[in-house]
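> The listed protein sequences derive, respectively, from chains L and X.
Numbering-wise, the first sequence is residues 1 to 448 according to my numbering.
Numbering-wise, the second sequence is residues 1 to 379 according to my numbering.
By construction, these hints were calculated from the structure, which means they are not laboratory data.
Note that this is a predicted model, so its numbers are computed, not measured.
Check before you lean on any hint, since a few could be wrong.
[As the list claims (entries may be wrong)] Residues of chain L clear of chain X, computed beta-carbon distances all greater than 10 Å: (1) G9; (2) L22; (3) V328.
[Claimed, not checked] Here are some, though not all, of the chain X residues that point toward chain L, as calculated from beta-carbon distances under 10 Å: (4) M1; (5) S3; (6) K16; (7) M33; (8) D52; (9) I116; (10) G118; (11) D120; (12) A316; (13) V366.
Cβ coordinates follow ideal geometry from the N, Cα and C atoms, glycine included.
Okay, here's what each chain looks like letter by letter:
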Amino acid sequence: MGVFKLKKGYDIPLQGSAERRLEKAPKTTAVAVQPIDFRSLRPGMKIEAGDTVSRGSILFVDKQKPEILFRSPAAGTVREVVRGERRVIQRIIIDVVGDSAEKFESYTADQVNNFSASQAKEILLNSGLWPTIRQRPFSKIADFDALPKAIFISAVDSAPLQAESDMLLDGQDKQFQLGIQLLSKLTEGKIHLSVSTKTKAFFANIKGVELHEFSGPHPAGNVGVQIHHIDRIQAGEKVWYVSPRHVSQIGSFLTGGEYPSSKTYALTGSELEKGYYVKGREGALVSDLANMAFNNTTQRVISGNVLTGVKSAAQGFVGFYDDMITVVPELEGRRFFGWLRLGLNANSFWPMFLSKFTPKKKLAPTTDMNGEERAFVSTGEYEKVVPMDVLPVHLCKAILVEDIELMEQLGIYEVAAEDLALCSYICPSKIEFGDIIQKGIETMEKEG
Amino acid sequence: MKSLLLFLANLDVKIKEGPFKIVHPMFGAINSMLFTPGHGTTTGPHIRDSIDMKRFMGIVIFALVPSILVGSYNVGAQAGVEGLFAAFMFGFLKLLPIIVVTYAVGLGWEMIFGHINGHDIHEGFLVTGILLPLTLPPTIPLWQVAVAVSFGTVIGKEVFGGTGMNLLNPALTARAFLFFTYPGNISGDSVWVALDGFTGATPLAAAASSTGPAVETLNAAGFTLSNMFFGFNPGSIGETSTIAILIGAVILLITGVASWRIMLATLIGAYGMALIVQFFGADVAGGMRTLPAHYHLVMGGFMFGAVFMTTDPVSAAGTNIGKWIYGILIGVMAILIRVFNPAYPEGMMLAILFGNVFSPLIDHFVVQANIKRRLNYGK
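Just chain L, with the same shape it has in the complex (with noise of 0.2 Å):
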């Protein structure tokens, strides 16, 4: 077992954290699928509007590997095929009735054992859960004819108002278990599943895998920080890795012998009175979770964290790989010398606010960008939140300037968007730290 402390990082303190309380989804009236959540796929459907299915329908496949499968996380009729610009398909939008649900092949954990390579991989693809599994580098949908160096699960919370795992698994050891011992059949090398104090203790019988403990403020929970700490890759080299809900989705799925679609989710969120768990659906509709409205005009509703999510909307949907719902506040309109304000609850990073005085506070802070952006002035703070060997300026200079070379040099196979949320976050520049990686990614893709 390794353990890692890292120093580098930065929690923000903000309301509205959700407490171990989990309740059941007031109601289930639509959910969706959104092949906007999977970075780069090109969705072949296989419904159209007005079409029945079940739950676990195929939905869409992808159209560069149709093995891949998309399947309904809910039974009934199909309302909607959402496109947006140059009508790439958003989402498809299905109206819930009943619960009918296909019926697939069920496994006991000797089976599941006794299982080859192949045969692991062809259950998985037809599960329609393969898109749980993700690659780095490039932070997409793992190619299944792939071996990867090793399988990362990362069950350290530490992004802001971050769900905890062991809430989310809600007690299902036994699938996760199961979903491991599938995993295991996917790559020669070990499964590394990280750990906190916090949810150690959940996951401390686990067998089959390499335990880590990581501790650190943000982003010590981030897979990407952590496949630096345990096993850097190399040139020429893939990693794959998994969300713990997700391994247990597959243990279910080997088990149940149905599609597996219950979710549970974190509400969180300065807007929310108390934050809380709430158990519904994999791509729930927003306003089915909470037992609350939500205003688009004067409230964020973000799938995901309010570092990495994606702008949502009371009548949207929770995305694939998101696990919470952060409901902030919008930006208020423009303030008179706000630059030059004392800030006792203003949130920063930087000693330049009397908040520094009150470290513990917690804040509760808009959708401002509270300034407009500049050219790359500050330097050697970046680093202070990147808890890796990684240049953040350089690297993304060297995005900027299309340097293929250095950018491989410099880490760009190391580093998802998300592992640099933070530098977008201090920076008082404003620069989208975000973005640039996502365009290096884009670029050595298409380099490939």
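Starting from the known structure of chain L, arrange chain X on it as the hints suggest.
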């Protein structure tokens, strides 16, 4: 407040589309200074730090206030004005026109380039516009200030692409321009005291020309260590008072605006080099080499440069290891120039510009080391 916001919004449109488009960068800067821009996030991170460039640069200006106050007083005191307030006002009225000219000319250029490049005036100039006047003697002709600012802004910054892209510190570029084109107005013994026909050598000049041990010459001229620490001697307006500069340094370091690595490295480099020079200077009778090492730290522009100029994040090295090398290099160079350059007793300005030129190279080697380390991982 609401009507003011509405007025600004209307004016913004009118200026942008009217015949006076060219002042829009200026208007934009004032507009966003009065009220926060009010832009919301569209992608993650959905919330952002409260810091922006205005706060960042505002703190540098705040940190310069002690130097402005003590410096102004000293200009009056050197000119023989009696009374605390009277001396301050005398000096301040010398400093103010220099600042006004610097801002007027500099912002004019910024406006033109902002118009060409389609952006608002950036906050960086607000700092440059205070830094430059503080490095000048109180007797500097204002037209020279105007020419120097033009050079510093256009050649020092805008030709590289504006704030953030410049190689050299614009304020020091402007000062170096004056130093090489009009040396008579920025060096020698007759420019430091704001009284016609009055000459007063700076402590550095006194030490350099001493024939006996430098400390004795300094003490005889009234330049004791404490006198120089508090800053009551002839020199550039903002550079004389070490204590005022150090108060600024504390502000910069507490707020994290300036790099402690650079400041400390510059001090270490200078002090170390001065010790070496002092050690090997035991055989000479007088001059700079007889000066004890710690004297260097309170004399001339060293401390002002170390606190406010070396730490300019744009022209300094950007990597953490690079900052150590950069700072030490500047400190060492400053002392070498002071001691071994016979023409001019001050070396800080040229040392910093020298460091600026080398900082991309220093960073290059630090980045190469990172690349090498990454390649060797696991081997």
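> Indicate, hint by hint, whether the structure satisfies it.
Hints, one by one, checked against the model:
Listed as a non-interface residue, G9(L) keeps its Cβ farther than 10 Å from every Cβ of chain X; the least gap is roughly 14 Å. No beta-carbon of chain X comes within 10 Å of the beta-carbon of L22(L); the shortest separation is about 26 Å. Look at V328(L): its CB is around 6 Å from the nearest CB on chain X, not clear of 10 Å, so calling it non-interface is violated. Because the smallest distance between the Cβ of M1(X) and any Cβ of chain L comes to about 6 Å, under 10 Å, the interface hint for this residue holds.
The interface hint given for S3(X) is violated, since its Cβ lies 13 Å from the closest Cβ of chain L, which is over the 10 Å cut-off. Checking K16(X) against chain L by beta carbon gives a least distance of about 16 Å; that is not within 10 Å, so the hint is violated. Checking M33(X) against chain L by beta carbon gives a least distance of about 7 Å; that is within 10 Å, so the hint holds. Checking D52(X) against chain L: minimum C-beta separation of about 3 Å stays under 10 Å; hint holds.
Hint on I116(X) is violated. Least Cβ distance to chain L is approximately 16 Å, over the 10 Å limit. Interface hint at G118(X): violated, since its Cβ lies 13 Å from the closest Cβ of chain L, which is beyond the 10 Å cut-off. Checking D120(X) against chain L: minimum C-beta separation of about 7 Å stays under 10 Å; hint holds. Annotation: interface hint on A316(X) holds; nearest CB of chain L at approximately 7 Å, less than 10 Å.
Taken as an interface hint, V366(X) checks out: its beta carbon lies about 8 Å from the nearest beta carbon of chain L, inside 10 Å.
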